[in-house]
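> Each chain, written out:
Number of protein chains: 2
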Amino acid sequence: MTHPTRIVLASRPKGAPTAENFRVEEFDLPEAREGDVTLRILYLSLDPYMRGRMSDAKSYAAPTPVDGVMEGETVCEVSRSRDPAFKPGDIVRARTGWCTHAVLAGSSVYHFNTHGAPDTTAIGVLGMPGFTAYSGMKVIGQPKSGETVVVAAASGPVGSMVGQLARLAGARAVGIAGGKDKCDFVRNELGFDAVVDHRSKDFVTDLEHACPNGIDVYFENVGGHVWDAVLPLLNQFARVPVCGLVATYNGAGAGDHDRLPGTMGAILRRSIQVRGFIQTEFVKDHYKDFEREIGPLVANGSIKYREDVVDGLEKAPSAFIGMLDGKNFGKLLVRVA
Amino acid sequence: MTHPTRIVLASRPKGAPTAENFRVEEFDLPEAREGDVTLRILYLSLDPYMRGRMSDAKSYAAPTPVDGVMEGETVCEVSRSRDPAFKPGDIVRARTGWCTHAVLAGSSVYHFNTHGAPDTTAIGVLGMPGFTAYSGMKVIGQPKSGETVVVAAASGPVGSMVGQLARLAGARAVGIAGGKDKCDFVRNELGFDAVVDHRSKDFVTDLEHACPNGIDVYFENVGGHVWDAVLPLLNQFARVPVCGLVATYNGAGAGDHDRLPGTMGAILRRSIQVRGFIQTEFVKDHYKDFEREIGPLVANGSIKYREDVVDGLEKAPSAFIGMLDGKNFGKLLVRVA
Numbered sequence: 328m329t330h331p332t333r334i335v336l337a338s339r340p341k342g343a344p345t346a347e348n349f350r351v352e353e354f355d356l357p358e359a360r361e362g363d364v365t366l367r368i369l370y371l372s373l374d375p376y377m378r379g380r381m382s383d384a385k386s387y388a389a390p391t392p393v394d395g396v397m398e399g400e401t402v403c404e405v406s407r408s409r410d411p412a413f414k415p416g417d418i419v420r421a422r423t424g425w426c427t428h429a430v431l432a433g434s435s436v437y438h439f440n441t442h443g444a445p446d447t448t449a450i451g452v453l454g455m456p457g458f459t460a461y462s463g464m465k466v467i468g469q470p471k472s473g474e475t476v477v478v479a480a481a482s483g484p485v486g487s488m489v490g491q492l493a494r495l496a497g498a499r500a501v502g503i504a505g506g507k508d509k510c511d512f513v514r515n516e517l518g519f520d521a522v523v524d525h526r527s528k529d530f531v532t533d534l535e536h537a538c539p540n541g542i543d544v545y546f547e548n549v550g551g552h553v554w555d556a557v558l559p560l561l562n563q564f565a566r567v568p569v570c571g572l573v574a575t576y577n578g579a580g581a582g583d584h585d586r587l588p589g590t591m592g593a594i595l596r597r598s599i600q601v602r603g604f605i606q607t608e609f610v611k612d613h614y615k616d617f618e619r620e621i622g623p624l625v626a627n628g629s630i631k632y633r634e635d636v637v638d639g640l641e642k643a644p645s646a647f648i649g650m651l652d653g654k655n656f657g658k659l660l661v662r663v664a
Numbered sequence: 328m329t330h331p332t333r334i335v336l337a338s339r340p341k342g343a344p345t346a347e348n349f350r351v352e353e354f355d356l357p358e359a360r361e362g363d364v365t366l367r368i369l370y371l372s373l374d375p376y377m378r379g380r381m382s383d384a385k386s387y388a389a390p391t392p393v394d395g396v397m398e399g400e401t402v403c404e405v406s407r408s409r410d411p412a413f414k415p416g417d418i419v420r421a422r423t424g425w426c427t428h429a430v431l432a433g434s435s436v437y438h439f440n441t442h443g444a445p446d447t448t449a450i451g452v453l454g455m456p457g458f459t460a461y462s463g464m465k466v467i468g469q470p471k472s473g474e475t476v477v478v479a480a481a482s483g484p485v486g487s488m489v490g491q492l493a494r495l496a497g498a499r500a501v502g503i504a505g506g507k508d509k510c511d512f513v514r515n516e517l518g519f520d521a522v523v524d525h526r527s528k529d530f531v532t533d534l535e536h537a538c539p540n541g542i543d544v545y546f547e548n549v550g551g552h553v554w555d556a557v558l559p560l561l562n563q564f565a566r567v568p569v570c571g572l573v574a575t576y577n578g579a580g581a582g583d584h585d586r587l588p589g590t591m592g593a594i595l596r597r598s599i600q601v602r603g604f605i606q607t608e609f610v611k612d613h614y615k616d617f618e619r620e621i622g623p624l625v626a627n628g629s630i631k632y633r634e635d636v637v638d639g640l641e642k643a644p645s646a647f648i649g650m651l652d653g654k655n656f657g658k659l660l661v662r663v664a
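Residue numbers (this note's numbering), protein chains in the order written: chain A, 328 to 664; chain B, 328 to 664.
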């Protein structure tokens with residue numbers, strides 16, 4: 328066994344994170360106590376929310392302390408178990424953080440069921456990102472047949488699911504993505520009804536043309552200039568689930584004037600609902616339905632997804648930094664073992 | 328009978344309306360057809376939403392055309408009737424606009440029931456403003472016992488009802504008002520738990536002290552700088568019904584920097600819901616309950632209200648202009664007949 332390795336937060340970023348904000352270090356695994364499982368990490372999920380944990384701004388979650396392990400969900404193999412619910416060789420999901428090995432209480436480790444889809448989907452389309460899309464659409468977005476649903480980062484794990492759920496509900500799915508490859512994938516592989524490239528100089532009019540009946544649900548996961556293009560198109564009674572604002576996480580995305588009165592005025596005049604959420608608030612009521620409904624659709628290929636896999640834990644910082652800039656193409660994972 | 332008189336929109340205001348945007352003119356009543364009622368207007372309600380109708384910005388309602396009669400709801404006496412549902416002497420509510428007399432289809436005229444409260448309440452605490460408060464709280468705000476509800480323009484017809492409904496639900500009611508007289512009224516007459524003067528230089532810290540457990544429901548009817556003080560205090564899962572933004576109607580209320588990222592970030596991190604609405608969308612499902620539940624409470628004095636009555640239709644423009652600047656104290660009405 329190679330020595331256990333982890334990546335810690337070396338310092339808090341100002342603006343975009345850089346390599347200097349991370350530190351790779353070896354560590355000694357603690358001794359497993361009664362009820363613990365010892366885990367070998369196979370895959371680490373990299374997600375935009377982690378940028379929030381690197382800051383100490385007031386949030387739903389406590390920040391990662393400086394010198395603390397970067398947080399994250401992983402797919403792991405149980406190597407030893409002192410919890411009767413697990414045995415060596417079990418493949419599980421856990422919040423181990425960015426590391427190669429971990430010892431955790433078995434009670435915090437989850438025996439997932441992907442219904443035959445690959446294990447990596449448990450931290451992607453069938454994990455937190457997929458459930459973010461599912462619960463945000465189920466509870467807040469509530470797309471109806473004939474409505475128009477728009478989502479940005481449409482080739483990513485949340486956006487790709489949002490659009491496919493919209494189509495399952497009989498709605499028109501319009502994706503926003505950056506660059507020709509991602510747009511082609513969204514249109515041709517994921518089967519969205521239309522896709523718009525946010526890097527195009529004609530982005531605003533392209534989006535308008537892609538939404539001839541306006542927008543009924545805008546699933547917000549990016550913020551920034553996409554919002555300015557979406558706002559005028561929102562219909563009366565539009566719903567805007569807000570699960571992320573990745574364009575603003577590094578301190579960018581602000582306009583050169585106060586855009587708040589325009590947004591609040593539109594919300595008022597068109598009876599728009601804007602609702603922030605984090606998927607954890609819906610786990611109790613909706614997670615089992617998600618696993619049961621969506622797992623088989625992923626396993627049989629009805630719901631499509633794409634993964635972007637990087638090899639080696641030491642690559643996690645650069646991959647994460649690139650993701651915040653839209654450089655990944657599909658759910659970003661690190662193959663650790 | 329004096330000659331029928333009306334007030335029309337002479338021109339669209341740029342910024343705050345001025346006397347020049349209105350014109351008083353005599354007119355000839357059209358002949359009543361089968362099914363029509365002829366009305367003598369007793370009281371005209373003046374409300375902030377009318378500022379929106381004077382503009383041609385995209386909205387839920389069509390703008391008033393230039394040279395068109397200013398829109399508005401009135402309490403009227405039926406003087407002649409060609410609709411069997413009405414007889415001369417009936418006191419009714421109608422959307423006649425700013426005028427002394429009108430001929431309308433009986434089907435558009437409403438036989439209100441104030442359960443014994445004065446007729447003027449039918450266009451105030453038991454009319455559109457009261458129902459705005461009631462429906463926004465019932466459908467969106469949903470205050471629970473022990474929660475904190477904040478509302479601005481707390482001495483006005485919407486705000487005063489919001490706070491009193493909050494208290495009926497067992498929540499803590501915190502009002503925001505401008506000046507000592509209004510604050511005293513909100514605290515001592517309406518019985519709010521606390522009141523804060525938005526004109527005070529210590530407004531931000533005063534509001535913080537008045538909300539030691541944060542804010543669970545902020546009923547937004549003003550916008551502007553009040554929002555900046557409220558935002559940091561909103562709790563996780565806070566609800567923000569937005570029924571008006573009177574501070575911004577004249578083009579003011581913008582900050583010197585882009586406040587949108589801060590608002591969207593808070594919405595995301597604290598799972599806040601912001602929902603614009605207009606009371607008409609809730610009439611079908613909730614109006615009868617409102618009339619039945621709230622009418623008797625107003626009639627027996629359990630729910631208090633205050634009216635600010637101006638004499639003579641020709642005073643309507645100046646009273647309306649003053650209202651947009653917070654000069655009224657209580658529900659603003661014009662005694663027409």
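Wrong hints could be hidden among the right ones.
Heads up, the list lumps identical chains together, so a pair's fine if it works in one copy or across two of them.
Said to hold, decoys possible - As a list, the in silico DSS-like pairs of lysine-lysine whose alpha-carbon atoms are at most 30 Å apart:
hint : residue 1 : residue 2
1    : Lys471    : Lys414
2    : Lys642    : Lys654
3    : Lys507    : Lys631
4    : Lys615    : Lys471
5    : Lys465    : Lys611
6    : Lys654    : Lys631
7    : Lys615    : Lys341
8    : Lys654    : Lys507
9    : Lys654    : Lys471
10   : Lys611    : Lys507
11   : Lys611    : Lys471
12   : Lys654    : Lys611
13   : Lys642    : Lys611
Read the hints as simulated data drawn from the structure, not as lab findings.
Here the structure is a predicted model, which means the values were calculated and not measured.
> Run every hint past the structure and note whether it holds.
These are the hints, each one checked on the structure:
In this homomeric assembly, Lys471 and Lys414 never come within 30 Å of each other (Cα to Cα): the closest approach is 45 Å inside a single copy and 46 Å across copies. In this homomeric assembly, Lys642 and Lys654 come within 30 Å of each other (Cα to Cα) only inside a single copy, at 14 Å, whereas the closest approach across copies is 63 Å. Taking CA atoms no more than 30 Å apart as the test, Lys507 paired with Lys631 passes inside one copy only; the shortest distance there is 19 Å, against 62 Å between copies. Taking identical chains as interchangeable, the C-alpha atoms of Lys615 and Lys471 lie at most 30 Å apart whether they share a chain (23 Å) or sit on different chains (28 Å).
For the homomeric pair Lys465 and Lys611, the shortest alpha-carbon distances inside one copy (14 Å) and between copies (25 Å) are both at most 30 Å. For a Cα distance limit of 30 Å, the shortest separation of Lys654 from Lys631 inside one copy, 20 Å, qualifies, whereas the shortest one across copies, 60 Å, does not. Taking the closest pair of Cα atoms, Lys615 and Lys341 never come within 30 Å of each other, the shortest separation being 39 Å inside a single copy and 55 Å across copies. Taking the shortest Cα distances, Lys654 and Lys507 sit within 30 Å of each other inside one copy (13 Å), while across copies they are farther apart (57 Å).
In this assembly of identical chains, the alpha carbons of Lys654 and Lys471 never lie at most 30 Å apart, being 33 Å within a copy and 45 Å across copies at closest. In this assembly of identical chains, Lys611 and Lys507 lie within 30 Å of each other by CA distance neither inside one copy nor across copies; the values are 39 Å within and 48 Å between. Both within a single protomer and between protomers do Lys611 and Lys471 lie at most 30 Å apart by alpha-carbon distance, with minima of 24 Å and 21 Å respectively. Taking the shortest alpha-carbon separations for Lys654 and Lys611, neither the intra-copy value of 34 Å nor the inter-copy value of 50 Å comes in at or below 30 Å.
In this assembly of identical chains, Lys642 and Lys611 lie within 30 Å of each other by CA distance neither inside one copy nor across copies; the values are 34 Å within and 58 Å between.
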